[in-house]
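Numbering of the sequence shown is given in the numbering used here, commencing with residue 184 and proceeding in unit increments.
Hint data in this document are derived by calculation from the structure and do not stem from the laboratory.
The beta carbon of each residue, even a glycine, is placed where N, CA and C say it ideally should be.
It cannot be assumed that every hint is accurate.
What the hints assert, rightly or not - Computed beta-carbon distance windows for the label pairs: (1) Glu187 / Arg223: 24 to 34 Å; (2) Asp208 / Ile231: 28 to 38 Å; (3) Leu237 / Arg186: 19 to 29 Å; (4) Asp185 / Leu222: 22 to 32 Å; (5) Ser188 / Ile220: 19 to 29 Å; (6) Lys238 / Pro205: 28 to 38 Å; (7) Arg186 / Ala221: 20 to 30 Å; (8) Ile213 / Asp185: 16 to 26 Å; (9) Phe240 / Gly218: 27 to 37 Å.
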Amino acid sequence: MDRESLEKYRNVCKGSKIVSIPSEDLNQIILMAEGFIALREDVVDKEIEKEKRLKEFPKNKNLIKGKSY
């Protein structure tokens, strides 16, 4: 997609101008959106895994503060 097309899409998103979007460009936008959603799901999955690990292996609370081993 060229810069002019991207400007048109940005204006559509803002609601300031209505333009027709060619189907091949629309497919490109859909693929980009699906990629972004997949990326977000991956980030959320990593956070969930991190929380599970912290619950399974909590930090040892019996260590004496101020001493290093």
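Problem set entry | Violated hints, by number in ascending order, as checked against the structure | 3, 6
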